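Q: All chains, full assembly: derive it from the sequences and hints.
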Amino acid sequence: MKKNKALVAPFVLWAVLFIVVPLVMVVWYGVTVEQTPAYTEIADDNGQIVFRLEDGTVTPERPQKTTVVSLENFKRMLEPTYLKLLLRSLKIALITTVICLLLGYPVALILSGRDFKRPGLWLMLIILPMWMNFLLRTYSWMSILENTGILNSWIASLREAIPAFDSWLTSMGVGKKIIFLYNENAVILGMVYNYLSFMIMPIYTVIEKTDHSLLDAAADLGASPVQSFLRVTLPYSLPGVLEGITMVFVPAVTTFVISQLMGGGKVPLIGDIIQNQFGKSSDWHFGSTLSLLVMVVVLAFMGGLQRIDKEEEPRKEVRIL
Amino acid sequence: MDNRTILSIRDLRVVFEDGFTALGGVSIDIGENEFVTLLGPSGCGKTTLLRCIGGFEKPTSGEILYKGQNIISLPPYKRAINTVFQRYALFPHLNVAQNVAFGPDLRKEDKKKTAEEVSRMLALVGLAGFEKRRISSLSGGQQQRVAIARALINKPDVLLLDEPLGALDLKLRREMQLELKRIQRESGITFIFVTHDQEEALTMSDRVAVMSAGHILQLGTPEDIYNEPQSAFVADFIGDSDIMAGTMVRDKLVRFLGCDFPCVDTGFGENAEVDIVLRPEDVKLKPMTDPISGVPQGVVESLLFKGVHYEMKVRVGESVLLVHSTHARPVGTQVKLTVAPEDIQVMHKSDFSPDVLKRHAARA
Chain A
9 MKKNKALVAP FVLWAVLFIV VPLVMVVWYG VTVEQTPAYT EIADDNGQIV FRLEDGTVTP
69 ERPQKTTVVS LENFKRMLEP TYLKLLLRSL KIALITTVIC LLLGYPVALI LSGRDFKRPG
129 LWLMLIILPM WMNFLLRTYS WMSILENTGI LNSWIASLRE AIPAFDSWLT SMGVGKKIIF
189 LYNENAVILG MVYNYLSFMI MPIYTVIEKT DHSLLDAAAD LGASPVQSFL RVTLPYSLPG
249 VLEGITMVFV PAVTTFVISQ LMGGGKVPLI GDIIQNQFGK SSDWHFGSTL SLLVMVVVLA
309 FMGGLQRIDK EEEPRKEVRI L
Chain B
741 MDNRTILSIR DLRVVFEDGF TALGGVSIDI GENEFVTLLG PSGCGKTTLL RCIGGFEKPT
801 SGEILYKGQN IISLPPYKRA INTVFQRYAL FPHLNVAQNV AFGPDLRKED KKKTAEEVSR
861 MLALVGLAGF EKRRISSLSG GQQQRVAIAR ALINKPDVLL LDEPLGALDL KLRREMQLEL
921 KRIQRESGIT FIFVTHDQEE ALTMSDRVAV MSAGHILQLG TPEDIYNEPQ SAFVADFIGD
981 SDIMAGTMVR DKLVRFLGCD FPCVDTGFGE NAEVDIVLRP EDVKLKPMTD PISGVPQGVV
1041 ESLLFKGVHY EMKVRVGESV LLVHSTHARP VGTQVKLTVA PEDIQVMHKS DFSPDVLKRH
1101 AARA
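First to last, the protein sequences are chains A and B.
Positions in the first sequence are counted from 1; adding 8 to them yields my numbering.
Positions in the second sequence are counted from 1; adding 740 to them yields my numbering.
Read the hints as simulated data drawn from the structure, not as lab findings.
Be a bit skeptical, because a hint or two may be false.
What the hints assert, rightly or not - Subject to a maximum C-alpha distance of 30 Å in a straight line, what follows is the list of computed DSBU-like cross-link-like pairs (lysine-lysine): (1) Lys818/B - Lys125/A; (2) Lys185/A - Lys99/A; (3) Lys872/B - Lys217/A; (4) Lys798/B - Lys895/B; (5) Lys1026/B - Lys1053/B; (6) Lys217/A - Lys1026/B; (7) Lys217/A - Lys1053/B; (8) Lys125/A - Lys798/B.
The structure displayed is predicted, hence computed values, not measured ones.
A: In structure tokens:
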């Protein structure tokens, strides 16, 4: 046993260094603010510049910024502006997750089918784009969707070729250039594209591992293919579904790159605001407070998921991150 | 077997995609309330035949008539036949009662009636009070009983059992063999049982079909199969046996081990090449002082105590014979061997002689 404990040490060190310390720092920044006491510069009797504080005391030293514990940022966080952003983030993440589930589950199901030839190749094709740089992938979507982009030029040439199509679009109130980018839908599209494989993989892994004899047994007992799916495959794949939901929802709530690129800054999410605090606004304290808020929301969400998982079968923990 | 035929299999062939013939034209009629065992080594096609009946394997050609109707094109869930799978295939996300109630629930039967029926079935298989238990908390034998209850509750006319006792230890196997036989008698259901264990087949069955290389070699009562094997393969597979080449000199006289033996077989012609099968308990050892003459002589090479009897290996020239006897002869003893005429099994040399089958088994 003692030996085993020694083997754990590197991990403990790693965990402290990269999980505990940053977390403590975020909490510390979150519950503190920087303050500089208000003062006025005056000249004293000797013509020296001194500083008079609000309470009337006079000091020769220029008052310094101090870090004080304060819940000020928590009050600020609850302002409607930020809550609205959080709600929009949750909404977009939720829609993304649902679309990923609706698209990903059938794909996983088909790939794990007993008679499906070469599922490995298809999985590879699904994962392959994910090996490219994330920004690159998102930029290519932008070049497809932008006003002078590929999609618009295709539609334009279709309109020229088929007058009926053109007049139909015009009658529907569609302008010459269709604006695909810089709205919520574009952000959702970007998220679905980037996170879909994180939904497919865990579901595929679970269904693929399911014992095919269970499906035989269900059929043997009189279950039609649909009933077999509902009563065996679906409950079986639930852990994979929950994992997929986590893998998509959590990054979708916190992302800022996709909303900046696909949303063009018009659809700011909570992640954008947090990023802003560490960037332009350089208010690490408020940024940390907002991070804590997101963290609590994500934890609550995962707690809920874990409860579903537990009801189904007491098995593994839902992974954090 | 005067029972009405419930299942009639006609010239069933299964050829796999890679060209391997799993079933090479199998025909068998199975009666109501009959316990039929498909017996054979692995790769002989017995499980494939069972999967065809259950609907999990599509035969290349042939017919499966169930109560006179060809059911080849029916999917498994439309067949009134249930299966107990080799590894039970219980649903681990459901408890014992939910597993057993799977069939009735699908048919949307009354919940209360189903619950009562589940309890009755669990009592039948000796698991009364196990309703709420998780599958993972059950032993192998208990899971097997749940699988049987889950199949029986649907009141099938035919129950297919695919080596259901394979994973159990010997004592449990013996118990379950008797248990299954009892359940089959009490429920009046036709059982088609697949196994590679000849003892199991002989103990439980009304009839045994010995299969090899995708064919049924012999179909008959356990006594027939044991006492009158029609081929060297069947003799070799069922129980211990001494198989050797011989010559049918003329009717009722056969030569093997260098000696002529009177026998009861006729109709092989003169000087025909045949296979000879002797059961080890039918070979009698006599001391060299015995006055009998014209019989093979040998030397005891090994002696093992087996409880009920001694098992000896006796060398006669090039051959080594297995002999069972209640009387031990020390290693090195010279003996004379005798066999009663009716204990000599004479068989035509067939396609299914042991070396041909071994090659097929290696391919499978």
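Q: For the pair we were handed, lysine 125/A and lysine 798/B, check the Cα-Cα distance against 30 Å.
A: 19 Å, holds
Q: Between lysine 872/B and lysine 217/A, is the straight-line Cα distance small enough, at 30 Å or below?
A: Status holds; Cα separation ~26 Å.
Q: For the pair we were handed, lysine 185/A and lysine 99/A, check the Cα-Cα distance against 30 Å.
A: The hint holds at about 28 Å.
Q: Is lysine 818/B close enough to lysine 125/A, meaning Cα to Cα at most 30 Å?
A: 27 Å, holds
Q: Are lysine 217/A and lysine 1026/B close enough, with their CA atoms no more than 30 Å apart?
A: 62 Å, violated
Q: CA of lysine 1026/B to CA of lysine 1053/B, is that 30 Å or under?
A: 14 Å, holds
Q: Is the straight-line distance between the alpha-carbon of lysine 217/A and that of lysine 1053/B 30 Å or less?
A: 50 Å, violated
Q: Mind checking the alpha carbons of lysine 798/B and lysine 895/B for me, to see if they're no more than 30 Å apart?
A: Roughly 25 Å separates the two Cα atoms, so the pair holds.
In this structure, the earlier hints numbered 6, 7 are contradicted, and the remaining ones agree with it.
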